[in-house]
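Number of protein chains: 2
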Amino acid sequence: MALKLDDISPQVRSTEYAVRGPIVARAAELERAGREIIYCNIGNPQSLGQRPLTWVRQVLALAEYPELLERVPAGTFPEDVVATARHIGARSQHGLGAYTESKGFRFIREAVAAFIEERDGLVSDPEAVYLTDGASKAVQAVLRLLIAGPKDGILIPIPQYPLYSATIALYEGTAVPYELDEAADWAFSRATLEAAHAAAVARGIRPRAIVVINPGNPTGAVLDEKNVEAVLEFAHAHDLAVLADEVYQENVYRAGARFVSFAKVLARLGWSEVSLFSFHSTSKGYLGECGHRGGYVECRNVPADVQAELTKLQSVALCANTAGQVVLYLLVRPPRPGDPSYQLWAKEKLAVLEPLARKAGVVERGLNAVPGIHCQPVAGAMYAFPRITLPPGVTDGDYCMALLEETGICVVDGTGFGQRPGTWHLRTTILPPLDRIEEVVRRMGEFHARFTRRAAEGR
Amino acid sequence: MALKLDDISPQVRSTEYAVRGPIVARAAELERAGREIIYCNIGNPQSLGQRPLTWVRQVLALAEYPELLERVPAGTFPEDVVATARHIGARSQHGLGAYTESKGFRFIREAVAAFIEERDGLVSDPEAVYLTDGASKAVQAVLRLLIAGPKDGILIPIPQYPLYSATIALYEGTAVPYELDEAADWAFSRATLEAAHAAAVARGIRPRAIVVINPGNPTGAVLDEKNVEAVLEFAHAHDLAVLADEVYQENVYRAGARFVSFAKVLARLGWSEVSLFSFHSTSKGYLGECGHRGGYVECRNVPADVQAELTKLQSVALCANTAGQVVLYLLVRPPRPGDPSYQLWAKEKLAVLEPLARKAGVVERGLNAVPGIHCQPVAGAMYAFPRITLPPGVTDGDYCMALLEETGICVVDGTGFGQRPGTWHLRTTILPPLDRIEEVVRRMGEFHARFTRRAAEGR
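The listed protein sequences derive, respectively, from chains E and U. My numbering puts the first residue of the first sequence at 7, with every later residue one more than the last. My numbering puts the first residue of the second sequence at 7, with every later residue one more than the last.
Please keep in mind that the hints were generated in silico from the structure rather than gathered at the bench. Note that the structure is a prediction, hence the values are computed from the model and not measured. Check before you lean on any hint, since a few could be wrong.
Which copy? The list can't say, so a pair holds if one copy fits it or any two copies do.
In the BS3-like style, the derived pairs of lysine-lysine whose C-alpha atoms are separated by at most 27 angstroms in a straight line are [unchecked claim]:
#, residue 1, residue 2
1, Lys318, Lys10
2, Lys232, Lys353
3, Lys318, Lys353
4, Lys157, Lys10
5, Lys270, Lys10
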């Protein structure tokens, strides 16, 4: 007999990942039928018109095909592009076609460590850096390390990015939710963390780690140094490892806000007792190179024998893809002022980040102008997570599906991220081009009025 | 307190992957200290001097950086390279920087289906094809689907490629070993399969699937059509899914042997009751593009609702890397006779496969000339798995470590793959250049004589 759904492991069946869930499946169906869809469900910048950086693609082309240099006129590529591609060729030893070390190319791990040192004024150990197929795979590897069974709890924010809930379900651990305070710009309090922890312990759960997403996905909140310190104090008090998802570290828009890494605050506190895993990615920031699947995790205060287990885990599928490793290298080792590629790089970077900041404002103000929609400031990341007031009897899932059917705008319901019971939300990216995003906000406002009127009239 | 080894999940700690185990770690140590190491532990062709195909790298370079065409003189790239890169640009919609569908680019899945149709004369459904970061990840996804708990058994060959034992351990399933018959060129018999199955059932295990690696890793054996049919009959009789690891399908050297896919034989049998997962990769064959992590799984007789679970599982980490997807496209859609790139492609392909066939013979004959070493024919794949006669009191692990220390040759002990108790083996690739591989075989022969003499003398 062929496989049946009943045969499939319940771990997989209980996994949910709303960012590519039923609403998105329906959007693809409509698109195949000829409808124009605006995909705001996922932070996928280049699918919404963002251009790749010339610096990244020039080096990639040469790294893939070094013989090209012999076939093109001198000056076709800027000198620093040529030098960087040659450096990659020399340091990788065998180019991009061979398996790398399980942790990734050593020279790229050194560049990641140097990037962290320069960003935070810290010492970073290249041997504690693991290059992965996007940050998602790094998160999954660390959670695999930490979860032994259903009694192992991982504290995750509510709302959260569903990679966490999905992966915890897959490894049969227990998600321990802690609520972010929407009224306070999605900040969290030590009291909330303590309550979540105590409730889990009372249920017989052993909390192992806490996940923090900063800048926040889906919330768009940016933590200040005091917030970060509070998390570390809490982790310290309860013997928790910390997973710091910092993939949006370049995406900070709110005046006065700035990204502060967990590594930096941990180093200032001087605690060697808190194990920290920090994640970064090539998919967000100003590169938006999602398809290349580049990312890393840096381990701090993780003993060598535990790191050896992580290395072994990575070795089973051999290594992260080399093109993604190279894109990561180009993220952490960009052109410097005075380099031939610097001006174009800086211009293209600004051309991504500056409109993003404006779009954050457009979405925030536009949605807040709609009666029944309340949107906290989009201080960072790539999303707004507005609260929507709905008549009784309908869910945010119903709402988002109707939004899709009526307007072609594809967003994800708050239920997919978790939210305080009795509240409804949706997540939309701020990525479409400025004129598109204005249109999205306008259509959402009109839709909201229509939908709530209809629902109230019982139609 | 920082994480301790005792805190780490036992699933991870019990996982073993010898291909990158302690012998390889020691080799890296020696290399850092200045020793020259010949890495025969892993099928990593481009690390041993194999050149990437021009066809692959030219298209990749243009796909990464399409603007290049405007910057180089006409004729820099062959017309079919330009056309293929443009086709990739058009069909991918957003180039290589955006997330693709969770299953991978649709146009590449269509090309994979066409490749299977052309190879086997079958109908293949692009929606049943999943593109993955190398075949390893595809195998892991399918095993994740099939294993719900420790009572779920997966039949694996002994010897096997340790991806299987490692992944089954990671997902807490039970490996059910069935022995290949070394004396019969590593063929297997229905009786052996039945015995393994019955023994597992007697222990309360529920066998779910059988893994077959063809051509064999580490054995180098190539199954004939009757063998393939026997496996399918066995699977049919016991309601097992079949995992057909066919990543070495282009690597067949023995005169008269040829690769026969499980898909083809299953279609001929006409059974819709056997679920089949067939794996292929860009890492082996004549491409050897290991670093790009390209691969696929094709599902047959897997109902839509089960496939939906696989899609969901893939969606959590979004998609396989796009460069790897493109390399896979170039594998399944190579230049055709008459195309401008055809002649160079054919020449470079032959320059990989022809020496591989000769090296298979060199290794087989050279090792068989050493008293105490017996090597079955290397009919396919990239490895020899010779049996070594050792004096009592030493293991193949001791042997391989001493081989490394004394000769700089890094191979993997048979224990890492599994073997009949009381026998010892090692796995070596046949990949080094011809003069190197002759040297490897010579040094191994001298070492074997030295080692066994010393061991017999009790030193």
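Checked hints:
no. : hint               : in the structure
1   : Lys318 with Lys10  : between (33 angstroms within a copy, 16 angstroms between copies)
2   : Lys232 with Lys353 : neither (33 angstroms within a copy, 64 angstroms between copies)
3   : Lys318 with Lys353 : neither (42 angstroms within a copy, 38 angstroms between copies)
4   : Lys157 with Lys10  : between (29 angstroms within a copy, 18 angstroms between copies)
5   : Lys270 with Lys10  : between (50 angstroms within a copy, 23 angstroms between copies)
Checked against the numbered hints given earlier, this structure breaks hints 2, 3; the rest are met.
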